[in-house]
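Protein chains in written order, with our numbering: chain A, 3 to 267; chain B, 1347 to 1569.
No wet-lab data here; the hints were simulated from the structure.
One should not assume that every hint holds.
As the list claims (entries may be wrong) - Only part of the chain B face toward chain A is listed, based on derived beta-carbon distances under 7 Å:
(1) Pro1420
(2) Gln1424
(3) Ala1425
(4) Phe1432
(5) Glu1464
(6) Ala1468
(7) Pro1486
(8) Tyr1560
(9) Val1561
(10) Gly1568
Here the structure is a predicted model, which is why all the values come from computation and not from measurement.
The C-beta atom is built at its ideal place from N, Cα and C for all residues, glycine as well.
Here are the chains, one letter per residue:
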Amino acid sequence: MNDATDNRDPIIRFDKVVKRFGDHVVLDELDFEVQRGEKVTIIGPSGSGKSTVLRILMTLEEINGGVVYVGGEPLWHQRKGESLEPAGEQHLRQMRSHLGMVFQQFNLFPHMTVLRNLTEAPVQVLGVSKAEAKQRGMELLEMVGLTDQASKYPHQLSGGQQQRVGIARALAMRPKIMLFDEPTSALDPELVGEVLNVIRTLADEHDLTMLLVTHEMHFARQVSDRICFFDKGRIKEQGKPEEIFTAPKEERTKAFLKAVLDPDD
Amino acid sequence: MEWTSYLAPLSQGAWVTVQLTVYSTILGALCAFLFGLGKLSHNPLVKGISVAYIEIFRGTSLLVQLFWIYFALPIMGQAIGLDLRFPPVVAGVVALALNIGAYGAEVVRGAVQAVPKEQYEAATALNFTGRKRLWRITLPQAIPEMMPTFGNLAVQNLKDTALVSLISLGDMAFRAEQIRNFTQDSVTVYTLVLFMYFGMALVLTACMKLLERYVGRWRAAGR
Ligand SMILES: Nc1ncnc2c1ncn2[C@@H]1O[C@H](COP(=O)(O)OP(=O)(O)O)[C@@H](O)[C@H]1O
Ligand SMILES: [Mg+2]
């Protein structure tokens, strides 16, 4: 963990970002910052726009208003003189290279072996040599504890193993920012731990910026520098994990935390 | 005349049928991919041409298409100073390919669209270009889905080759007609031909199954 909030250097900045699906306003002039190297967890009820924030950053979802900055550069716009105009594919590809994403449903490529899942994008997109990509792929598999599964296909792996491959696949592109969208929500309870352990290792990396959406509150508390509570497309409350989990100020936060922490009440 | 004496001319015809089937199926598959992907294009011209091709060739009979290419096209070519006279083999292969390609294009389009959008998103997140996403992620998953229908279309195509005897191509149906005219022995000739077509269909189906297993081999891993 690090405390990057003092020397402010936002690697991610949402400036009055609006996102609509039809008439339904999902993000309503959202302002949101993440500092370089910061580990931020977004919590909040289903439908509050958590995934939308990550998907906008991964350029999977366009915005309808405002500006998103990544590393100081507008993500969905490109500068033209003084003004901003909608970004072209080339700009988006340039910006995407800073980000990696881990999906709730893993989304591994089913027609490729585990190792190939890790080497395909480095070879095809970054132009890394096959030998180099394989070596790096095996290192990543070692990190996630799956070297013995390298030549298997995704459907031969457990959910927990698949998600560890999903994390390694994103890391293979050497992103500065890692986005995790409920990485353990699709897993059987006994497989959650192995995935969280991998994420925990990443959280120790000083330079890596992490944005995590999860319902694993104890884990969030351990690894996060900051917790953001989302409600109806806005940040209702945010702060250090101790503050949010032990002394939430907002009624909505209290009610949400009570519901997830003691679901049986 | 002994029925065995029919076998030599029929085998000659069978060889022509095999060639027609193989060439037109391969060319048809190319058309299917070209226009099936074209129909998914964001370019309105490419999309429009693809939709027009698919609708026209699915909406008209193969016989008319064949006659149009073989008889009408050369005359139209003459009018604009082009030599569009094709040998019967070329006209036959092209007509069969365009016809089967139109049906195949819909299969390609459907299979490509059936690849989960999550795969597309994962590929985008890894920064694949549109083209590499298509070739490396989408098509390898879509092609195994196409194969069962492609197998049916190939057999359909084999059966359709009989129509090209009508532009005097010496295929199996053409030879059978010749022998029947000469001997009046309809029962023997057509029974033989029936079984020969059936045998070819069996072999073709087996080949397509092998191909299906090959392109989808990752699905069977460890099962
Ligand atoms: N593709 C879409 N089309 C229409 N509505 C969508 C789409 N994606 C998300 N939404 C809506 O946007 C809201 C926020 O969704 P999401 O960001 O997925 O929420 P969360 O991840 O917090 O559960 C929800 O009300 C959801 O129904
Ligand atoms: Mg979500």
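Here's how the hints hold up against the structure:
1. Nearest Cβ of chain A to the Cβ of Pro1420 (chain B): about 45 Å, over the 7 Å cut. The hint is violated.
2. Interface hint at Gln1424 (chain B): violated, since its Cβ lies 47 Å from the closest Cβ of chain A, which is beyond the 7 Å cut-off.
3. This hint is violated: Ala1425 (chain B) has a C-beta 45 Å from the nearest C-beta of chain A, more than the 7 Å allowed.
4. With 7 Å as the threshold, the beta carbon of Phe1432 (chain B) stays out of range of chain A, its nearest partner Cβ sitting at about 40 Å, so the hint is violated.
5. Satisfaction of the interface hint for Glu1464 (chain B) is found here, the shortest Cβ-Cβ separation to chain A being roughly 5 Å, below the 7 Å cut-off.
6. The interface hint given for Ala1468 (chain B) is met, as the beta carbon of that residue sits about 4 Å from the closest beta carbon of chain A, less than 7 Å.
7. Among the interface hints, the one on Pro1486 (chain B) holds; its C-beta lies about 5 Å from the nearest C-beta in chain A, closer than the 7 Å criterion.
8. For Tyr1560 (chain B), the suggested interface contact is broken, since its CB lies about 13 Å from the closest CB of chain A, more than 7 Å.
9. With a cut of 7 Å, the hint placing Val1561 (chain B) at the interface with chain A is violated, because the nearest CB-to-CB distance is about 9 Å.
10. Annotation: interface hint on Gly1568 (chain B) holds; nearest CB of chain A at approximately 4 Å, less than 7 Å.
Violated hints, listed in ascending order, are 1, 2, 3, 4, 8 and 9; each of the other numbered hints is respected by the structure.
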